[in-house]
Every structure is written in structure tokens, then in C-alpha cells.
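A.B. asks: Those sequence lines, one after another, are chains B and D. Numbering-wise (the working numbering), the first sequence opens with residue 1 and increments by one. Numbering-wise (the working numbering), the second sequence opens with residue 1 and increments by one.
Derived by calculation from the structure, the hints in this document are not laboratory data. All C-beta atoms in this analysis are idealised placements derived from N, C-alpha and C, irrespective of residue type, glycine included. Some clues are possibly wrong.
Stated by the list, open to error - Rough simulated footprint, nothing fancy, chain B against chain D, three-plus residues with beta-carbon under 8 Å:
hint, segment
1, 32-41
2, 97-110
3, 172-183
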Amino acid sequence: MHRRKIIDRLISGWMAAGLFFVLMIPLAIGLGLVLKSLPILKILALPELLGGSIWKPLSGQFGFKPFILSSVYVTLISFLIAGPVCLLSAIYLTQYASRRLLSLMQPVIDILAGIPSVVYGVWGVLVIVPFVIRLAELREVAISGYCLLSGGIVLAVMSIPFILNILIEVIQAIPIELKEASLSVGASYWETIKWVLLRAGFSGIMAAFGLGISKALGETIAVLMVVGNVVQIPQSLFEAGYPLPALIANNYGEMMSIPLYDSALMFGALILFVIIVLFNGLARLAINHGERYR
Amino acid sequence: MRRKNIEERIFKSLAAAATYLIIAVLLFLIVVILKNGLRALDWGMLTKVPQGGFYFGEEGGILNAIVGSFYLALGATFLAFIIGLPVALYMNIHLLRQRFWLNRIRFLLDVLWGVPSIVYGAFGFTLMLLLGLRASLLAGILTVTLLIVPIMIRSMDEVLQTIPRGLLESAYALGSTRSEVAIKVYIRQALPGVITALLLSFGRGIGDAAAVLFTAGYTDYIPTSLNQPTATLPLAIFFQLSSPIPAVRERAYASAVVLTVIILIVSLAARLLSAKYREHVIK
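Work out the full structure, taking the sequences as your base and the hints as a guide.
C.D. replies: Right under this line is the structure:
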């Protein structure tokens with residue numbers, strides 16, 4: 001009897017220690033990145049760092065504006081493509097399509113969500129880049145094809161399985177009675193979707209979009225492979241961009257040899273971390289809030 | 001009345017079009033990857049290490065990256081499992097009544113799940129410097145562990161949550177301690193879900209590039225100890241694709257097929273195994 005109690009104590013202790021360890025991860029990441037970015041924050045003020053557009057590590061100039069803007073543009077393009085398509089498709093799959101199509105799509109979506117981003121990147125190089133070159137030729141612009149638009153399209157395709165999955169869940173969580181009530185007073189299916197489902201699911205849908213955007217913001221390898229990676233403030237869809245994750249990934253090799261460079265890159269990682277945690281947190285709150293009133 | 005029906009028609013066909021567009025694009029993706037990759041894939045690629053460097057070498061294969069990726073993903077999955085399973089059990093047995101804390105823990109884990117791997121990579125790199133490690137298999141494993149622990153816990157947690165409360169109460173009534181309930185009842189009951197969680201995390205670990213870019217390094221050889229750098233499949237694809245030599249780029253396509261097939265097998269295995277072990281579950 002005594003031995004069993006001791007074993008129980010030991011195992012429970014291990015479990016609690018594990019939980020403590022896991023809860024410390026976000027704190028450790030935040031703290032680690034802040035500590036690492038302190039050297040650069042001491043020398044350059046925050047507005048200078050975020051608003052400056054000159055990036056010359058060798059002469060100690062670190063302006064993050066080109067990278068932040070590239071990140072925002074690429075994410076925006078991907079969202080403008082993936083958002084409406086996913087919403088329409090989620091509506092079709094949950095409201096109009098046969099049950100068989102939905103149950104057929106579910107594993108397909110799961111598998112596609114599991115395909116590594118580097119494979120999407122390869123696909124982008126093979127398909128999207130030539131496609132964008134052709135598109136630019138129509139407007140009589142000659143480009144390399146490695147540009148914001150390519151990055152946005154690849155990101156959109158990557159985030160489709162992810163967003164669609166959450167949207168389907170969100171729409172399925174809306175009580176069926178709401179739909180029945182609307183249909184029984186003579187509304188058509190589309191009217192029911194427009195006036196009832198989209199309203200009842202509004203916070204959930206926004207949350208799904210929020211999660212999609214935060215995933216797109218942090219996506220590294222696939223974007224890096226097609227976006228061009230030129231430090232500039234891009235003026236058009238067909239110009240190369242240089243998103244934050246790509247900046248970090250591309251320069252880790254030389255960052256230790258130039259003073260403050262490593263600190264600047266870690267500051268870049270910190271920006272990403274803070275923005276994404278905020279986005280993610282708000283989206284999760286919205287989803288949890290929705291579930292409580294289910 | 002008529003306008004209403006026209007609107008219905010338009011939006012229904014738009015929604016259908018969106019769905020079939022998604023299916024078409026995704027099929028197209030698989031076809032393109034397979035078509036380009038299978039052309040360059042041969043047996044030598046799977047069984048030899050590269051000759052003449054990954055960047056310029058047209059000879060040899062990517063065995064170093066395949067083995068390296070498996071070492072890395074297996075190591076990280078194992079570590080994440082011995083941390084993750086106890087945590088998931090603790091949440092569902094010891095903290096069962098602490099709704100307030102449970103909600104907050106789940107929230108935190110979900111947010112962690114969304115943190116991009118490049119941030120984990122940067123953090124892993126900082127940690128590496130702090131611990132005095134070089135880019136190595138060990139550093140890679142540690143970083144990927146951090147990346148997959150939240151995924152592991154949350155997917156196990158989702159399954160453990162569905163276990164009926166009565167099972168817990170009966171075990172207590174027979175005089176079990178809480179850890180006995182955890183090991184003898186909950187693990188067995190949640191076995192299909194645990195297997196799915198393991199394979200899901202493994203798949204995520206083997207496919208991730210950004211987290212290992214800083215931490216695992218790259219080499220043309222198969223690592224023989226934890227302190228050596230290791231090649232990984234995603235990075236092999238990435239580096240080969242950036243080579244100026246077309247023949248090496250072809251090899252990137254072949255490597256992409258290898259990685260995709262591994263992921264497909266893992267995901268298929270998850271489905272089959274979790275169905276197989278479902279028969280031991282008390283309903």
C-alpha cells in the first residue's frame with residue numbers, strides 16, 4: 001500500500017514537472033528573444049527600427065520597414081485569395097454538398113495540411129513562378145517571376161487546407177435549429193446562409209481568418225523560395241519582396257560575424273513572435289467565446 | 001421571388017466552383033510534384049550519400065538526409081512524447097475539476113501551436129549558444145521537440161477529454177491511485193488517439209525546415225553521434241533547388257517526392273493504426 005502511494009507521488013510529480021516545463025516555453029521564448037534584441041534596442045530607438053527603410057548591417061543601419069511591409073503585402077495577397085475561396089467552399093461543403101463529398105474531403109484536407117512547406121515551395125517554383133511570368137507578359141512587363149504575387153499565391157494554396165478545416169468546424173458548430181427556423185419561415189437556402197449562418201458564425205469565421213493570417217505571416221521556407229528576397233519597399237505585385245521570416249532564415253549564416261546583426265535578426269523574430277501570439281490569442285479567444293454559447 | 005432564386009443559383013454555383021477549384025489545385029499540386037520527381041528518382045538516390053557536395057554534386061544520393069531526418073524526427077517525437085503524454089494525462093486526471101486553469105492551459109497550448117517554426121528556430125539557436133552546443137543532431141532534436149510538444153499534448157488532450165467520467169470514478173472506487181488510473185485505464189482507453197498524436201507530431205517534425213535551419217546544420221555524411229551536424233530532407237530539397245546546375249535541381253524534385261511519400265505513409269499509418277487499436281476501447 002505504501003509503495004503504491006510513493007509511486008503515485010513520483011509519477012504525479014513527473015507529470016506536474018512536465019506541465020510546468022511546457023508552460024515555461026512561451027515565457028522562455030519571449031524572454032530569450034527580448035534579451036537577445038536588447039543590444040540593438042539600446043542603440044536604435046523602436047520607431048527607427050520599425051520605420052526605417054535602410055538595411056545596411058555593415059554600417060549599422062537596421063530599418064525593418066521593407067521586411068515588415070513585404071510580410072504584410074504577401075500575407076494580404078494570400079488572404080485575399082484564400083479567404084473568399086475557403087468561405088465559399090466551406091459553405092458548399094457543409095450546406096449544399098452531399099455527405100459523401102464532405103467525408104471524402106476531410107482526409108484530403110488533413111493530408112494536404114500535413115504536406116511540408118518546402119514541398120509547396122518546390123511546387124511554387126515549378127508552377128506558380130512560370131504562371132506569374134506569363135501573367136506579367138500579358139501586361140507587357142518582363143520579370144523574373146520571383147515576386148510578391150508568387151509568394152502570395154503559394155501562401156494562399158498552403159493556407160487553404162488550414163483555413164478550410166477550421167471554417168468547416170465553425171459552421172458545423174452552429175445550432176441546426178437556427179437554420180431550421182429560418183427555412184421554415186420561407187427563406188431560401190442562400191438567404192438562410194447569408195442572414196443566419198454567416199451572422200451566427202461571424203466570430204468563428206473571423207477567428208478562422210485570423211488563424212490563417214497568423215499562419216501565413218510566419219510561413220518561411222515556401223515563401224522564401226518564390227518571393228525574390230530583395231531588400232526594397234515593393235511598389236507592385238510583380239516586384240520582389242523580402243518578408244521577415246525569409247530575412248531571418250537567409251542570414252543566420254553570417255549574422256555572427258557582423259556586430260549587432262544577430263541582435264537585429266533576433267529582434268525580427270521577436271516582432272514575428274509578438275504579432276503572431278497576439279493574432280492567435282485573439283482568434284482563439286473568439287473561438288472559445290463562440291463555443292461557450294453553443 | 002424570381003430574383004431570390006437567381007441569387008441562390010449564382011451563389012450556389014460560385015460555392016461549388018470554389019470547392020472544385022480547391023480540389024483541382026490540390027490534385028494538380030500532387031501530380032506536378034510526382035511527375036517532376038519520379039523522372040529524377042532512382043534507386044541510387046535512396047541508397048547513397050552525396051558525392052561532390054549537395055550543391056554541385058550530381059552523383060550519389062540523399063541517404064544522409066533521409067537517415068538524418070528520421071533520426072531527428074524520431075528523437076524529437078520520443079522526447080516530446082515523454083513530456084507530452086504525462087502532461088496530457090495530468091490535465092485530464094489531476095486537473096479535471098480545475099476548469100479555470102484547464103481553459104487557460106489549453107489556450108496557451110493552442111497559441112504555442114501557432115507560433116511559427118522560424119521563431120522556434122531562432123529561439124533554439126539562442127538556447128544552443130547558451131548551452132554551448134554547436135549546430136548538431138542534438139540541438140536539432142531539442143528545437144523540434146519544443147515545436148511539436150504543444151501539438152502532441154493538444155491532440156492527446158482532445159482524445160482524453162472524450163473518456164467518460166464514469167470510467168475514472170469506477171477505477172477510483174476500486175481503490176486505484178491517480179497514476180494507476182492514468183497508466184492502466186486512460187492510456188489504454190486513449191491508445192488510438194495517442195498513436196495519431198505520435199504520428200502527427202512525427203510528420204510535423206520530419207517536414208519542418210525553418211526550425212532545423214539554424215540548429216541541425218548540414219552535412220554530406222550520416223551522423224554517428226548526437227554532437228555531429230545532420231542533413232535533413234527539407235533542407236536537402238531547399239539547398240538542391242538553389243543550385244545553379246539543372247541536374248542538381250532535378251534531384252530536389254526527386255527529394256520532394258521522397259518527403260511527400262514519407263508524409264503520406266505516416267498519415268495513412270495514423271489512420272490505419274488508430275482504427276486497429278480502437279477495438280480495445282471500452283465504449
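A.B. asks: Could you tell me which of the hints above the structure violates, numbers in ascending order?
C.D. replies: none
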